[in-house]
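Protein chains in written order, with our numbering: chain A, 178 to 546; chain B, 178 to 546.
Worth flagging that the hints you see were computed from the coordinates, not collected in a lab.
Mixed in with the good hints, there may be bad ones.
The calculated EDC-like cross-link candidates involving lysine to aspartate or glutamate, where the alpha carbons are at most 20 Å apart (straight line), are [as the list claims (entries may be wrong)]:
1) B:Lys-180 <-> B:Glu-211
2) B:Lys-313 <-> B:Glu-285
3) B:Lys-184 <-> A:Asp-290
4) B:Lys-313 <-> A:Glu-222
5) A:Lys-180 <-> B:Glu-285
6) A:Lys-184 <-> B:Asp-290
7) A:Lys-313 <-> B:Glu-222
8) B:Lys-180 <-> A:Asp-290
Simulated coverage check for chain A against chain B, where a stretch passes if three residues somewhere in it have a Cβ under 8 Å from a Cβ of chain B [said to hold, decoys possible]:
9) 246 to 254
10) 292 to 302
C-beta: ideal position from N, C-alpha, C; glycine also.
There are 2 protein chains.
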Amino acid sequence: MQKAPPKIKDVAQVAGVSTATVSRALTQPDRLSEATRAKVFDAIEATGYRVNQAARNLRTRRAGAVLVLVPNLGNPFFSAILSSMNDVLSANGYSVLVFDSQQPGASEQAVADCFLNGSVDGMITLDGNMSTITAKALRSANMMQNVVFCCEWSDQWPLPSIRSNNGLGARLAVDHLVALGHRRIAHVTGPDCNILAQMRKSAYIDRCAAHGLDIAPDWIVQGDFSLGAGALAADRILAVNSRPTGVFCASDAMALSFVARCRQRGVRVPEDMSVIGFDDIEMAAFSEPGLTTIRQDRSGLGRLAAQELLARLRGEQKTEGAHVIYSPVALIERGTTAPPLDNSADSPANGRTPPSKPTEFQEPVDKPA
Amino acid sequence: MQKAPPKIKDVAQVAGVSTATVSRALTQPDRLSEATRAKVFDAIEATGYRVNQAARNLRTRRAGAVLVLVPNLGNPFFSAILSSMNDVLSANGYSVLVFDSQQPGASEQAVADCFLNGSVDGMITLDGNMSTITAKALRSANMMQNVVFCCEWSDQWPLPSIRSNNGLGARLAVDHLVALGHRRIAHVTGPDCNILAQMRKSAYIDRCAAHGLDIAPDWIVQGDFSLGAGALAADRILAVNSRPTGVFCASDAMALSFVARCRQRGVRVPEDMSVIGFDDIEMAAFSEPGLTTIRQDRSGLGRLAAQELLARLRGEQKTEGAHVIYSPVALIERGTTAPPLDNSADSPANGRTPPSKPTEFQEPVDKPA
DNA sequence: GAAGGTGGTGTAATCGATTACATGGTGATT
DNA sequence: AATCACCATGTAATCGATTACACCACCTTC
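My request is simple: use the sequences and hints to build the entire structure.
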């Protein structure tokens, strides 16, 4: 036997006031006299009243929820980000709805429907490729201004974007290898269509050029950020004629499996091959040797994105259009990078370079050039 | 300039029918004549109508959303599970709301409120420790029957539980090491309060006893499933007087960092120390050497839990009370386990045992004994 | 002391769907 | 031909909150 949950009317009756007063006690307590307010709160306490969200949402035309769109929920890179977003959003009274943008089902339509049927107030997307069906829904629900990009982004949409400075990160990586004396540096990329992969790759190319280093075509291996791709890339790169002495991987997952495959094939890391990753996932610190990498502040990215969205939802969108916030990156030196053994043969002018100093978080820079 | 989104009334007008008919076309299409149905769907198409969820939820007293409670969202072990839950639930019209049960803020109350204010219809919890405040909310919202445990569980609550057979998993792990000839086997546990840690530890103890193996007190090291704990445990176990030759870690995260720390300290794996983990996270296959481990079918766990919850929400709760579904576990042999080098000294009766055959998924067994 | 302002509260309309009940039409049964 | 069952559809109440507007009491201000 279940008593029906108390409604606002019940509270009003107990408190001896009208429903309007109870509602005001909840939403704008300072508009009530102290005495009434106390009466109402006592009655709420006594009845165990909770506002019915559906009713409130219907009336206020809000949802109290935001959508987080993750490309491949199964990828642990996103978990720390999701976690900090969740902290910020739920602390501000928003529920977090999670969708996987690469799920095989009709997820695009599901996302679009969330906006069209009013079940979310806004969205943070970790996927830079916004589907046209989603964009259309956003436009027609007039919600385009309640979207922020996090990590990835698209220049096609003038939306706020929280991101790491990928150009700077790639530059730190290349510079680190160069400082160690490497002159043949390979790169394992992310997917071609991915903006992060593009940024990192082009910064790698630019930076090698800036150092006067040639890049053989087969030193650039297409990957997809995954563990499997790193192992495959190692196979490819170890088979190359003029083998590079260092490799910059566009993700830690690829870097870790690259290292594992090298060692499995008898190639020592870092002696025969230096490897540097990107992300600084937790595992990077606990592998053997520790993975040298570019740290992204994942929880910071999530927090900033959530805060930016909250500001927008509150209508404080001071900045119009694209608003880019950079989160710091830093070189984390661990054990997978060292001077190349054969660098004297290759670069007669350079003596062995001492390892560079630990690098702290860098100030954001707009263009890596 | 934004036209207001079309309502059911607009559709009714365009179709030349009543709002009731439109509503019926949406919710029980077979109760309408074919002609009317077609008219209505055309009108829906023409107007671009979408049902307003808040209104529907208010009227039907449903939320169309379920809560997934994750202990530590940042832990990648959960991501595959979350992903498959999401697949199943969103394919069935439910939104997935994610909460982190170990978040410092007042998350317990937030979870409770979700039920009390009707914003979710049910919950899947990956956290076996249900807070009393949550339980109270569930009871008073009459939602106790819409909860299912996944992975972890609590015997305190007679609720359905989808789980791996942890006892069997631990048994496979110990048996594997024994079959290789190990007689001094250590164990790195999860947190004391965690039901999975308890199951795995007690099965480890039982199984060692069944094989007639002694367990020195300092061979059991308290961990917490995390990478950091594995490294600390390695430090402890390598310092022990009569060093074990094999170790069973209650999670892959701990096993991987255990291996890394061993090698870092010059202890070879598997030659000097065999290590077996639990979970089979993706990284296990890509470390060097590959991690021998007990596979849990993570996406299966998520899928089954989601399906069980859906059945309950549809009112098909055939089974009353605790309903345990076991998901299969399997021994995955990779490179971190091998016969001990010194086993002849320790177990004169046993010759070197050949590696056991690969083990397929095991049939569920209720009690590991 | 009349006019006007202000702060606190109540009345009732409203958000947009679902659905109990009513109605009218059709065909089957007697 | 009258009765009944049943199907398709319409009318209007309803879900539980928020809030525009009205109202009253009291206080300034001229």
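Hint by hint, here is what the structure shows:
Distance hint between B:Lys-180 and B:Glu-211 is unfulfilled; the C-alpha atoms sit about 31 Å from each other, more than 20 Å. The suggested pairing of B:Lys-313 with B:Glu-285 holds, with an alpha-carbon distance near 11 Å, which does not exceed 20 Å. Distance check on the hinted pair: B:Lys-184 and A:Asp-290 sit about 15 Å apart at the alpha-carbon level, within 20 Å; holds. Between B:Lys-313 and A:Glu-222 the CA atoms are separated by roughly 15 Å; this keeps the pair inside 20 Å, and the hint holds.
Distance check on the hinted pair: A:Lys-180 and B:Glu-285 sit about 24 Å apart at the alpha-carbon level, beyond 20 Å; violated. Of the pairs offered as hints, the one joining A:Lys-184 and B:Asp-290 holds, with about 15 Å between alpha carbons and a cut-off of 20 Å not exceeded. Between A:Lys-313 and B:Glu-222 the CA atoms are separated by roughly 15 Å; this keeps the pair inside 20 Å, and the hint holds. For the hint pairing B:Lys-180 with A:Asp-290, the CA-to-CA distance comes to about 18 Å; that is within 20 Å, so the pair holds.
Note: the segment 246 to 254 of chain A has 5 residues with beta-carbon separation from chain B under 8 Å; the three-residue rule is met and the coverage holds. Closer than 8 Å: that is the beta-carbon criterion, and the segment 292 to 302 of chain A has 4 residues meeting it against chain B, so the requirement of 3 holds.
Of the numbered hints stated above, those contradicted by the structure are hints 1, 5, listed in ascending order.
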